[in-house]
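Enquirer: In case you want the letters, here they are:
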Amino acid sequence: MTKILCICEEVTLEEVERVVKEEGIKDMETLKRRLRLGMGPCGGRYCINTLLRLYPQLFGEPARNRSDVELKVPPSRPPTKPVYLYIFKEG
Amino acid sequence: MEQVNVAIVGGGSTGLMAAYYLAKEGVRGIHVFESKYLGFGSTGRCAGGVRSSFASNVHVTLMRESIRNWLRLKEEVEGLEFIQDGYLWLLTTEELVELHRRLAAYQNSLGVPTRMLSAEEVGELVPLARSDVLAALYDPTAGKASPIKFVWAMRKKLMELGVNIHEYTFVRGIRASGGKARSLVVDESNEVRVDDHVLIAAGVWSKELSRDLGVEIPIKKDPHHLLVTDKYSPFLRPLVIHKESGSYVVQHETGSILVGAEFPVPEDDTSLRYGYLRKAVTIMSRYFPQILSAELLRVWVGYYEVTPDHHPIVDVLPGYENVLIATGFSGHGYMMAPIVGEEITSMMLDGRPKLAETNELRLERFDEGKLLKESAIFG
Numbered sequence: 000m001t002k003i004l005c006i007c008e009e010v011t012l013e014e015v016e017r018v019v020k021e022e023g024i025k026d027m028e029t030l031k032r033r034l035r036l037g038m039g040p041c042g043g044r045y046c047i048n049t050l051l052r053l054y055p056q057l058f059g060e061p062a063r064n065r066s067d068v069e070l071k072v073p074p075s076r077p078p079t080k081p082v083y084l085y086i087f088k089e090g
Numbered sequence: 000m001e002q003v004n005v006a007i008v009g010g011g012s013t014g015l016m017a018a019y020y021l022a023k024e025g026v027r028g029i030h031v032f033e034s035k036y037l038g039f040g041s042t043g044r045c046a047g048g049v050r051s052s053f054a055s056n057v058h059v060t061l062m063r064e065s066i067r068n069w070l071r072l073k074e075e076v077e078g079l080e081f082i083q084d085g086y087l088w089l090l091t092t093e094e095l096v097e098l099h100r101r102l103a104a105y106q107n108s109l110g111v112p113t114r115m116l117s118a119e120e121v122g123e124l125v126p127l128a129r130s131d132v133l134a135a136l137y138d139p140t141a142g143k144a145s146p147i148k149f150v151w152a153m154r155k156k157l158m159e160l161g162v163n164i165h166e167y168t169f170v171r172g173i174r175a176s177g178g179k180a181r182s183l184v185v186d187e188s189n190e191v192r193v194d195d196h197v198l199i200a201a202g203v204w205s206k207e208l209s210r211d212l213g214v215e216i217p218i219k220k221d222p223h224h225l226l227v228t229d230k231y232s233p234f235l236r237p238l239v240i241h242k243e244s245g246s247y248v249v250q251h252e253t254g255s256i257l258v259g260a261e262f263p264v265p266e267d268d269t270s271l272r273y274g275y276l277r278k279a280v281t282i283m284s285r286y287f288p289q290i291l292s293a294e295l296l297r298v299w300v301g302y303y304e305v306t307p308d309h310h311p312i313v314d315v316l317p318g319y320e321n322v323l324i325a326t327g328f329s330g331h332g333y334m335m336a337p338i339v340g341e342e343i344t345s346m347m348l349d350g351r352p353k354l355a356e357t358n359e360l361r362l363e364r365f366d367e368g369k370l371l372k373e374s375a376i377f378g
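Protein chains in written order, with numbering that gives the first Met the number 0: chain A, 0 to 90; chain B, 0 to 378.
These are computed hints drawn from the structure, not numbers from a lab.
Note that the coordinates shown come from a computational prediction; the quantities given were computed from them, not determined experimentally.
Certain hints may be false.
[Claimed, not checked] Incomplete in silico selection of chain A near chain B, CB under 7 Å:
no.: 1; residue: T29
no.: 2; residue: R44
no.: 3; residue: P74
no.: 4; residue: P77
no.: 5; residue: F87
no.: 6; residue: E89
[As the list claims (entries may be wrong)] Quick look at which bits of chain B chain A covers, simulated, 3 or more residues with Cβ under 8 Å:
no.: 7; region: 91-105
no.: 8; region: 177-186
no.: 9; region: 293-299
no.: 10; region: 339-348
C-beta: ideal position from N, C-alpha, C; glycine also.
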């Protein structure tokens, strides 16, 4: 059964496991950019949290009681939710 | 790791391209040091535009050669993208039209086939709403290349070529003696011996590294905003610039739309400004109202490393025969990286670059007052 981790960018769990194993990716920041996880319209609401839960099994290290900086959790860039560009139009 | 042959400081487009051309020449022991993830600096934050429609001999010539390299890289590196959809400069005043007529002739004389388009021809190329466009300069050799795809394609390729990439590894300083760099100080206090060359390609952060060696580099941080929307079906092939305001819009192959605008902020201020969003959206939506119903996903700020003449510094660091520096690209580092990487390789292996124009990018020009001019041809 295919497990989808990131709905917006259609990233499967298998793909995540493959790049971690084959390409020597060791952190969430790099993983995000490699597979575009969390870069779609959900802004990472779903996939980043799922990824955090999977952290120990993916990277072989515990995630509990460690800071976002230490875990290299990708920062959330504004806006939190998508907004239409027209709200910024003047005149 | 205790010893390297070539140390490249900076895992952005310049450093990665230098590593690539060096590796292709058979150089072993190449190590790239990146303090964060690859492309963290200006590379990963840029819009991905690539063009040779500039107004100085140095820029036009180097970019003409860089585009040749972009086309080759697309064949050589799996996953690297370069889409030659052109650049379109919208011109809204008679003065701008006249200026760009002369610019097109100048670019043509240097082998870049730009041409003027009438307002009607512009309408055939892009779905333009506004009627104040008098004409446009079209650069058919220009294009777009997703920086994120570039970084990951190059990461994979370099690893296959045996280049060592050290992510999250901070180069604290360079130790030198007798006019040569001898080692790097990495992270807390690890010392890495360097046997051949060091390349400083750390964007705005190059300034501190060279200052450490007693050399002042005249670059300033110039923060620029950018926004990206969700993905939509293609409506815009070329990158479009509204010349009068400096605003631009580009739709990438993924369908995402990026909109940039000139919005000057202080050197160290990377906070996000509403004013930028208002300006970018207000100006570009006059020409492309389609963007108004697009959804904004992210806004960010990235640095241009700007020199006094807006041309880069590609040189041997004065006083250090085995240290090279490539910085100060003033917003054009990503597009220039393929030619700069190749020139750095020639400078390291043959002692000089291949193109005479690269020699003009030496650091001493600032002290000698021989600044390059982006619009030198207009006297």
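Enquirer: So, A/P74 near chain B? Judge it on the closest CB pair being under 7 Å.
Expert: violated (10 Å)
Enquirer: Holds or violated: is there a CB of chain B closer than 7 Å to the CB of A/E89?
Expert: Holds. Min distance 5 Å.
Enquirer: Do the numbers back the hint for A/F87, that is, is its least Cβ distance to chain B under 7 Å?
Expert: holds (4 Å)
Enquirer: So is the region 177-186 of chain B in contact with chain A by the C-beta rule, three or more residues under 8 Å, or is the coverage claim wrong?
Expert: It is violated: at least three residues are needed, and the region 177-186 of chain B offers just 0 whose Cβ sits closer than 8 Å to chain A.
Enquirer: Mind checking, does the region 91-105 of chain B have 3 or more residues with a CB under 8 Å from chain A?
Expert: violated (count 0)
Enquirer: So, A/P77 near chain B? Judge it on the closest CB pair being under 7 Å.
Expert: Holds. Min distance 6 Å.
Enquirer: Does the CB of A/T29 sit less than 7 Å away from some CB of chain B?
Expert: Nearest chain B Cβ about 5 Å off; hint holds.
Enquirer: Quick one: see if chain A covers the region 339-348 of chain B, three-plus residues with Cβ-Cβ under 8 Å.
Expert: violated (count 0)
Enquirer: Test coverage of the region 293-299 of chain B by chain A using CB-CB distances below 8 Å; three residues minimum.
Expert: Check passed, 7 qualifying residues.
Enquirer: Using Cβ atoms only, decide whether A/R44 comes closer than 7 Å to chain B, and label the hint accordingly.
Expert: Cβ of A/R44 sits 12 Å from chain B, so the hint is violated.
In terms of the numbered hints stated before, the structure departs from hints 2, 3, 7, 8 and 10, listed from lowest to highest.
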